[in-house]
Amino acid sequence: MFDPGELNFIGPEIAVFVFALLVLVHDVMFKQRNATISMGVSLMGLATAAVLNLLNMQAVDVPREAFAGAMAVDGFGFFLNFIVLLAAAGALLISHDFLRRIDVDVPEFNPLVLFVAFGMMLMGSANDLILLFISLEVMSLGVYVLCGINRGELASAEAALKYFVMGAFASGFLLMGIAFVYGGIGSTRISAVAQWFAIEGNGIAGNPLIGVGVALLLVGFGFKVAAAPFHMWTPDVYQGAPTPVTAFMATGVKAAAFAALSRVLLVALLGQNLEFHTALWLIAAGTILMGNIGALVQDDLKRMLAYSSIGHAGYLLMALVGAPAAGLADNPRLGGILFYLLAYTVMTVGAFAVLSFFTRDGVEDTRISRLGGLADRHPAVALALSICLLSLAGVPPTMGFVGKFYLFAAAIEGGAIGIAVVGAIGGAIGIYYYLRPIVVMYMHPEPADRVELAMNPAALGVLGVATVAVLVFGLVPGSLIEVAQDSLLSLAAWGGV
Amino acid sequence: MNPALLSLVPGFPLLGVIVIALLNRKASRVVAGSIATAMVALSAVLSFWTLFTLVGAHGELESLHTVLYRWIDVGGVDVNIAFMADPLTAVMMCVVTGVGSLIHLYSIGYMDDPADANSTWRFFTYLNLFVFSMLLLIMGDNFLVMFVGWEGVGLCSYLLIGFWYSNTEFAKAGKKAFVTNRVGDFSFLLGLFLLFWSLGEHATLQFSELKEVLGAHPELVGGHGGTLVTAICLLLFGGATGKSAQIPLFVWLPDAMAGPTPVSALIHAATMVTSGIYMICRLNFLFAMAPVAMGAVATIGALTAFLAATIAVSQNDIKKVLAYSTVSQLGYMFLGVGVGAFTAGFFHVITHAFFKALLFLGAGAVIHAMHHEQDMRHMGGLLGKMKITGWTMIIAWLAIIGFPGFSGFFSKDEILWLTFAADPAQVALFGPTVPLPKFLWGIGFITAILTAFYMSRLVFMTFFGEFRGGRHGHGDDHGDDGNAHAHEPHEVSPVMWGPLVVLAVLSVFGGLLNLPHWLHAGNLTGWLHHFLEPVFEDAHMRFDAAPEHLELRIMALTIGVVFFTIYAAWQMLMKNPEIKHQIEHFIPDFAIAGSINKWWVDELYEFAIIKPLVLGSRQVLWAIVDALVIDGAVNGTARLLSGASRAYGQRVQVGKVQVYALALASGAALLIFAFAVGS
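These protein sequence lines are chains A and B, in that order.
So for the first sequence, the numbering used here puts the first residue at 1; every next one is plus one.
So for the second sequence, the numbering used here puts the first residue at 498; every next one is plus one.
Isolated chain A, as found in the complex (with noise of 0.2 Å):
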């Protein structure tokens, strides 16, 4: 039954599973661990990864099952995983210097970024509900310790401990609903929930196991997209959390879980019921509001990115409204989703790659005000770091524009009129919180105890590439937007619609 061929499609994740063990064992076997080598190696196993994930895209035409259906192998897949890849990659470059600065020297830091990257994957490919939630606890696991990785700092502990409490709680919600969806339906393949959907007369409507089990789905994924009201720990946590982490999971984690909703969503449960849909109404509407109005008063940079990735989530959230019943290539504009997941990785890492600069005796200080004067000092990192902000407020010629402009299509072409005025009122609060920190660094005097930027080749790569990226595929998004519909509309293989 087994074909060991169908070992090809999970060869993104092999690779980067058995570098992780690699760079843990270099990392444990050498007393004075070479953390030049250890950082090499690991983004050799991304780049691997990528490699064989192109080979795979290349290779695979037609969406297929694999593992007995347990996995779904298609574009929607290989395009998350490119993401997670370039998270990956963002935050370890990032926490290169950083982690040396903030003296936290361990060992298991950049297998676990791995390990976490390697539940991402299987996450956006899961076809059956229970792998999907192992692989999301094998990230989820790896991120709880993560963003605990400095002890020393009282923050850092506590944001572990708040997640680890709340996302614990959140799993059990998720792992109920699956329970409930298999006793209603009798199938934990998300496939197969679909055809069970599409049969005359079946629906949600009439089966009360099923509802509750779809709305303890989504109470599970919503807790880690951040969407209302299951965002309640995010400030906290983002902000608690070493740079390098936070960004990992603004990007990474947002990423993989939004891919595993959408594939839920866009495939299983295409065409329900109105219920459903106000639902996801309020609760797109409740994330885009309480983020945005979230972010305007916060006076720490760390915590402002963290409602505005709530606000973020509800973008996504409004272009999901938009789904269409009668099947995805009504509305191909929902390729944004995938365009704009991939933006805000490329903005978030780039602005985040700013912030790891501001520490101070192995503090981090991302206040606001400590921005003052940026522009003066150092121009270039300066306009990079407006770049990548306006880029998030979504104005043009940038890729956060035209990701954003994506999700709004999508929404008014599905008919959700509504939810994309509330967007707009969410975009247009966002202008004043993202420009805040532009006007703090070209107008504002330098704080009078200016600490020097740490800047690091590394981490300004990392910037450099993301601002270069968010202008290019501002001005010429058509050939990605095209990859990223067509992933996409790969989905609809799989919908029983």
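It is possible that some hints are incorrect.
Said to hold, decoys possible - Derived contacts from chain B toward chain A, CB cut-off under 10 Å, selection only:
(1) 568
(2) 570
(3) 1019
(4) 1021
(5) 1076
(6) 1079
(7) 1146
(8) 1163
(9) 1171
Simulated from the structure, these hints should not be mistaken for laboratory data.
Even glycine gets a Cβ: it sits at the ideal position worked out from N, Cα and C.
Please build the complex by placing chain B on the supplied structure of chain A, with the hints as guidance.
Okay, now just chain B, sitting in the frame of chain A:
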């Protein structure tokens, strides 16, 4: 030629912008200037290659086309960053990059004032940016790319007019140019929207598709002579009056002389100001459907030509004379395209680019030699001191007044003759039977006399007679080195007179491009006309097939009057000033005062438009609408939101896991209720 190379034509100047801007102060005048010149020269090489490719194809190849990338694809709109080179574009490309590179070269010599040493990089960045924008404008295969260029040249014009922005007057001139152009741009945009809207499901922004759509469904815009197409064309022409300085928006061009003189030559004579004419030529198939709009174009053109010429006769600032002369010559071009003589109008664009760039660069050389003296009353006799500049300027003078054999003669004469011969039905501003063309010809004829007079005056006052210089103005600090000859004008450096010589050659021989048929010059007869035929053939313009001798008679009349005017000007200004006073005696006082005061147009606009606008904005819009209503609403919203944000942060987001868990559980309960119980 591989069409993909077309992208490089605007690409090189853009590269120049980036490189020079990155080098900024590290690039000296010579370095920045050399880079900028080289970039435009490379574009010029490609442009000529393009032109020769099209010429060599002998009509087999209609146009080159390349798509750089897909820009926008939304709803029914699919816009590419794409370039197209048909004969019209190719000729224009050669003019822009050819004349442009000469002017770039000249600027290296001109911008040598030590006070500008730190900002010449900025100058050359803007110049390259301008060439880039202009190339977008002419090479874009659709309205959107054209519009980007359209706005881009406006921006560069603003930046360059206000290049010496520490001088408030100059900065204001830049602002005036920008605002005036924006008024035109607004009209242009409205025209564009109206056109796009009227096409409905056939909506397209691409020129070639538009031509096909209108050919197949003329009823979409109301058919030939329809109200809709007339409105569209008039609005588009409104945009042209801004860019090309026609009534009523010409007021910015004379003030634009505040910029460095090479800018005046490049932007305000040879290229940007011709974009309005280019646009109408590009859309000839559209304008041909609206005889009323064509009549308006021709009439406005003729009136502008005349009005500007009457102002030019009394100006004493050498650049002001040239500025009004530019406005006047642009009027001729509009007259030409307005009566349907697209080739003739465009021909004049080309020849004018040669001799007007030469005139401005020559004037720049004079100003440079005279240490920023621009008043012709303090010049005179410069021919002896600046032989090359002087003789090239004399060539340009002969070209612009239409001296037989020079380039301007052929182009202007063709416009005047075709105006005379145009079918009144296609210039139907006042109805199809009113002999408007004959009347417009009359205005054009009188303007030719005025042109001959003011240009002769300029040349006589500057280069002949006695040197009246030596006035100690702001040039004083130059003389402190004790050098008694510091103020003595002398010939400029080769990097400056080189371009003058090239342009002089072009000004003499430019007419070869389109020789009139009565010369029986074989293949050269109407070469431009034949080359551009594929572009204009669908416009179906009709001209009176009058016997040849009538054309020759009208031409002879013009030549005779022009000769007489030169002679009269020489007598009046140089030989016998008494005559001048006697003649002035005959002219009504208000006409003289009107000419000197530019017919009070600026004052009229100030009084009728700007004052009420400022007053209304300040008293009503600012004080009440903005400060009370809008600011109130904005600040109120902001206060409400930040209050909400603060309340949320302090009351809800308190950092307690219990609260978070409660929120999560409540959300879960609501969802379960909605899904299970509710359904």
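Status of the hints after comparison with the structure:
1. 568: holds (8 Å)
2. 570: This hint holds: residue 570 (chain B) lies near chain A, its Cβ roughly 8 Å from the closest one there, short of 10 Å.
3. 1019: Violated: closest Cβ of chain A sits about 50 Å from residue 1019 (chain B), beyond 10 Å.
4. 1021: Not OK, violated: residue 1021 (chain B) not within 10 Å of chain A, min 45 Å.
5. 1076: Since chain A brings no Cβ nearer than about 64 Å to residue 1076 (chain B), farther than 10 Å, the hint is violated.
6. 1079: violated (65 Å)
7. 1146: holds (6 Å)
8. 1163: Holds, because the Cβ-Cβ distance from residue 1163 (chain B) to chain A comes to roughly 7 Å (cut-off 10 Å).
9. 1171: With Cβ-Cβ at 5 Å, under 10 Å, it holds.
Hint compliance for this structure: hints 3, 4, 5, 6 are broken, all remaining hints hold.
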